[in-house]
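> Build the complex: two chains, separate frames, hints provided.
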Amino acid sequence: MKYNIVEEKNIGRFGLLVLLFLIPFLFLATGIGYAFVDGSIDNTIEGLKNIILSPTILFTDFIRVGGIGAAFINVAILGFINIYLMYVYRIKINGVLIAAFFTVIGFSFFGKNIYNILPIYMGGYLYTRYQKISFKDIIVVLMFGTALAPMISEISYSGFLPPLTGVIVAVFAGVFIGFVIVPLSSHMLKIHDGYNLYNIGFTSGIIGTVLTGLLRSFGIIVEPVSIISEKNHIVIIVLLIILFLGLMMTGIIINRRAVIDYVKIFSYKGRLITDFTHLMGYGITFLNMSILGFASLLYVIIIGGVVNGPVLAGIFTVAGFGSLGKHMKNCLPVVLGTIATALFFGYDLSDTSIIISVLFSTTLAPIAGAYGTLAGFIAGVLHMILVTNVGVIHGGINLYNNGFSGGIVASVMIPIIDAFKKEKRNAA
Amino acid sequence: MQHESKKIAMIVNELLTMLLLKGAGKIEVKINRQKHNTEIVMKQQQCDYDEMFIQNLRYNLNTQRQTEVEEYFWQLVGDDDNEDELPLVGTMVDEAVVELVDGDLYITVNRKN
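The listed protein sequences derive, respectively, from chains A and B.
Just so you know, we're using this note's numbering here: the first sequence kicks off at 1 and counts up by one.
Just so you know, we're using this note's numbering here: the second sequence kicks off at 429 and counts up by one.
I should point out that these hints are in silico values taken from the structure, not numbers from a laboratory.
Careful: at least some of the hints might be erroneous.
[As the list claims (entries may be wrong)] Quick list of in silico lysine-lysine cross-link-like pairs, PhoX-like style, CA-CA up to 20 Å:
(1) B/Lys463 x B/Lys434
(2) B/Lys454 x B/Lys471
(3) B/Lys435 x A/Lys136
(4) A/Lys92 x A/Lys9
(5) B/Lys540 x A/Lys92
(6) A/Lys2 x A/Lys269
(7) B/Lys540 x A/Lys136
(8) B/Lys463 x A/Lys132
(9) B/Lys434 x A/Lys132
(10) B/Lys435 x B/Lys463
(11) A/Lys190 x B/Lys434
(12) B/Lys471 x B/Lys450
(13) A/Lys132 x B/Lys435
(14) B/Lys450 x A/Lys2
(15) A/Lys231 x A/Lys269
(16) A/Lys269 x B/Lys450
(17) A/Lys190 x A/Lys269
(18) B/Lys435 x B/Lys540
(19) A/Lys264 x A/Lys2
(20) B/Lys540 x A/Lys132
(21) A/Lys2 x A/Lys329
(22) A/Lys269 x A/Lys422
(23) A/Lys190 x B/Lys435
(24) B/Lys458 x B/Lys540
(25) B/Lys450 x A/Lys421
(26) A/Lys422 x B/Lys450
Isolated chain B, as found in the complex (with noise of 0.2 Å):
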């Protein structure tokens, strides 16, 4: 896959500038590459979401990898501070887990190489 350490920066840009965009103080993103996989780990510590915000992402974000959509439309994510492009996010990763855990919100995305 081409632009591959572009297209991971990119999606951490449009999940930060997301949660920044909410108004989010503290945050900690964890990048794991590995050989066949990059996983994502974002964490915002003390954040109120409503239960449909959490619902909005996961399912958002676990729209299926779509290569077609990656190819064309990829150097849109993290473009525009107007409206995030989570559904476009969800087709350049293969999995994605959204949780609220003690009030800390925990976004972990995979994508394959």
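Okay, chain A solo, but in the shape it has when bound (with noise of 0.2 Å):
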């Protein structure tokens, strides 16, 4: 890959740290006020206790079940835990990590919290102990890997179990999947040759059909539900234009020829792993970021919809992964290809999941990137057929089901397409 030579400011590891911190501050101090205005302190603490006690299956949207401020503090304490794995364990904070941690604060509004991911944490750091490798090592992956975090929610709650069972259980389902992970996710990268970026999604897909399987098979039955805000909140929109003006201007001061600079991304493929903050500096990633976010945002807005708990999972992943592959010319034909599709077909584009397969068929971005805009467009077709029937096997366990259904399709299309190209024989 060729790199592109960039004269930026260097912030060093620590100042991109306090970048990160303060995305959860603030969702953190917005909880917190939302809270103070509101007048509901007690309304905001009993809006957190619902939602580590709901079992955050898909679709499960933190801010219907606990109120703004629940959900925003939800996000803040997520956050400052991987921040703090970040600091401590020394990691450079690469796209990898970037678009890891974006996933992490998206997927806090609906799906992850405090209960339901340290299990899995715990299962990687046996994991680690096992292997006699550095905790460090998997700390990227187990971010990612938290999207099978609803298993655990669900055994504990969803009263097909005693209450003290249940929690015991869901520990040991959350450990296992958290020693599991790592090595799995590491195989899975074959089968779609890094084509869908989304490959913990891919692989969660994998573990929650066998566990919902193995679930199913002792006739407990586990669905997928809709539990989600129909209302769009003015501060959360705000909040979004902040945090995406926030990422384009440290861009911007970074590298005072991002904006000049910028097209130059477009060359890239975006196959994993594309880290953009390696070749093309930080402050055009930032800028890539923000420019990501607000298109998705105001996606959402044209067409209507409601900025809700899984649409912020949808846009915070969009912009994260803007460190790590994704850039307009590549989005631009798959979006396009599942728009159609949804449209095709009678979907209200204006409909939460709906929405959310349009924002996550970005995760074969590099199908575009690689064999041109016709198979892009192909891939979004396929992603949008498939997207809304691979639910129903995991039952709404594995969060990333839009990395399962991607993670499929790239698998299939990628041979296909290789079998039609012709090589070019370079001379010895």
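The following block contains the structure:
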């Protein structure tokens, strides 16, 4: 991969950590402020309790379950835990880590909370003890790997086991997931050759299918639910605008040529791992993340959608992967394919499940980047057809359902495209 | 570190694939494996790479060892013939030296166990 010579201010690892820290801090401050202005601190605490005690299965929107204040505080808690780990283990703030962090932030609005992520981290820790490797080596995988966190909440609180037994079984299930997610996620990359950016969604889909199958064998019904907020809140939209504007300004301050040099990012195909912080520098990376974030938000507003928990997860994930392979050029064909298919089948574009399918379809952006607009468009078509059907297989315990679908699409499409490709023979 | 032998083989695979795709005809590979370090030396005879290509190799192979990236993504190395994964190789090695001497390209990478 060709790198671009960039001259930018070096803000150092600590400076980058502070930048990331500001995101959960912003949510914490707004969450607490919202509770005070609303005059409902007790309600916020109650909301936080509801978030932690809910089964959190797809789609459980924490804004609906706990209210805005509680959802924001949940985001802040999870953000701070991960910032702390990055700080203590001195992890390099690269594109992979930024994408993982934004994904965690996004999914803290629906699905992830302090209770259901900890057993997975614990399982990961046990794996490192068993393999005699550093916990640092697997933090990124664990950050993404909390996709299966609803499994823990579902076993604990859905009532098919007595409360204490439920919690014990759930913690064991979480530890098991954390233990196996590292080797499995690495192995699954080979199936789609890195053309599905949400690889852990694919991995979690496979594990989730096995675990849900097991539960169903015992007569336990695991099915997706739909508890979502159906009202737009201005505070959320304003906060997103502040955040993406902040990213844009930071990018331009770090690299004064960021806007001029931005188009160079379009030359990258985006396959895993295309770390823009390494290839383009932090300035252009932040600008790219900001553009993708604004584009996602604008799309949701234009089609009349609601910026609720699942949609926020979509927006944050798209923006986060602006540091790891996604840009407007490779995302657009896939998104257009998804929208065209939704319209063809008569789906309501403003429906939350369709909005997030469109946003998350960008998991297949590398196909457009590597094989062109038409291939990207077809990938979007296949994604839309598949994603509306695969959620049932794992019963909604895999939060990254689109990553599961994307993995299937990529693993089918890539060998077929390669079969039609004619190799250029180089002279020896 | 798990799969150490396989990882070394995949680093060789990636570098070799990159040179072959560039049209290399004569390549020598030497692997010197010791208790705490593995050195891989690759030599391509008589090549006409420009300075930009050499700089690109140097930059991408000296990404800095990042075990957290390696642990997750190492299986992608040497996997694709559309695009190189040199920055990923860079996260798996501690030091890389790229030199063009009398028309021969030398790539030396060191990986601590």
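> Confirm or reject each hint.
Results of checking the hints against the structure:
For the hint linking B/Lys463 to B/Lys434, the alpha-carbon distance of about 16 Å falls within 20 Å, and the restraint holds. A hinted pair counts as satisfied when its Cα atoms are at most 20 Å apart, and B/Lys454 with B/Lys471 qualifies at roughly 8 Å. A threshold of 20 Å between alpha carbons decides the hint, and for B/Lys435 with A/Lys136 the separation of about 19 Å falls inside it, so the pair holds. Between A/Lys92 and A/Lys9, the direct Cα distance comes to roughly 17 Å. Compliance with the 20 Å bound is thereby established for this hinted pair.
For the proposed pair B/Lys540 and A/Lys92, the alpha carbon gap of about 19 Å is at most 20 Å, so the pair holds. For the hint linking A/Lys2 to A/Lys269, the alpha-carbon distance of about 11 Å falls within 20 Å, and the restraint holds. A threshold of 20 Å between alpha carbons decides the hint, and for B/Lys540 with A/Lys136 the separation of about 17 Å falls inside it, so the pair holds. With a C-alpha separation of about 17 Å, the suggested pairing of B/Lys463 with A/Lys132 holds against the 20 Å cut-off.
About 18 Å separates the Cα atoms of B/Lys434 and A/Lys132, which keeps this hinted pair within 20 Å; it holds. For the hint pairing B/Lys435 with B/Lys463, the CA-to-CA distance comes to about 15 Å; that is within 20 Å, so the pair holds. The straight-line distance between the Cα atoms of A/Lys190 and B/Lys434 is roughly 14 Å, inside the 20 Å bound, and the hint therefore holds. At roughly 14 Å between alpha-carbon atoms, B/Lys471 and B/Lys450 fall within 20 Å of each other, so this suggested pair holds.
Of the supplied pair hints, the one linking A/Lys132 and B/Lys435 holds, its CA atoms being roughly 17 Å apart against a limit of 20 Å. Under the criterion of a C-alpha separation no larger than 20 Å, the hint pairing B/Lys450 with A/Lys2 is consistent with the structure, at around 14 Å. The hinted pair formed by A/Lys231 and A/Lys269 fails the criterion: a straight-line CA distance of about 37 Å is larger than 20 Å. Under the criterion of a C-alpha separation no larger than 20 Å, the hint pairing A/Lys269 with B/Lys450 is consistent with the structure, at around 19 Å.
A C-alpha spacing of about 18 Å is found between A/Lys190 and A/Lys269, which places the hinted pair at or below 20 Å, so the restraint holds. For a cut-off of 20 Å, the pair hint linking B/Lys435 to B/Lys540 stands: about 12 Å separates their Cα positions. For the suggested pair A/Lys264 and A/Lys2, the alpha carbons sit about 11 Å apart, so the restraint of at most 20 Å is met. For the hint pairing B/Lys540 with A/Lys132, the CA-to-CA distance comes to about 16 Å; that is within 20 Å, so the pair holds.
Restraint check for A/Lys2 and A/Lys329: satisfied, since their Cα atoms lie roughly 18 Å apart, inside the 20 Å limit. For the proposed pair A/Lys269 and A/Lys422, the alpha carbon gap of about 19 Å is at most 20 Å, so the pair holds. In summary, the hint linking A/Lys190 to B/Lys435 is supported, as the alpha carbons are separated by about 14 Å, within the 20 Å threshold. A distance of roughly 16 Å separates the Cα atoms of B/Lys458 and B/Lys540; the hinted pair therefore holds under the 20 Å criterion.
This hinted pair checks out: B/Lys450 and A/Lys421 have alpha carbons roughly 18 Å apart, not beyond 20 Å. With a C-alpha separation of about 17 Å, the suggested pair A/Lys422 and B/Lys450 falls inside the 20 Å cut-off, and the hint holds.
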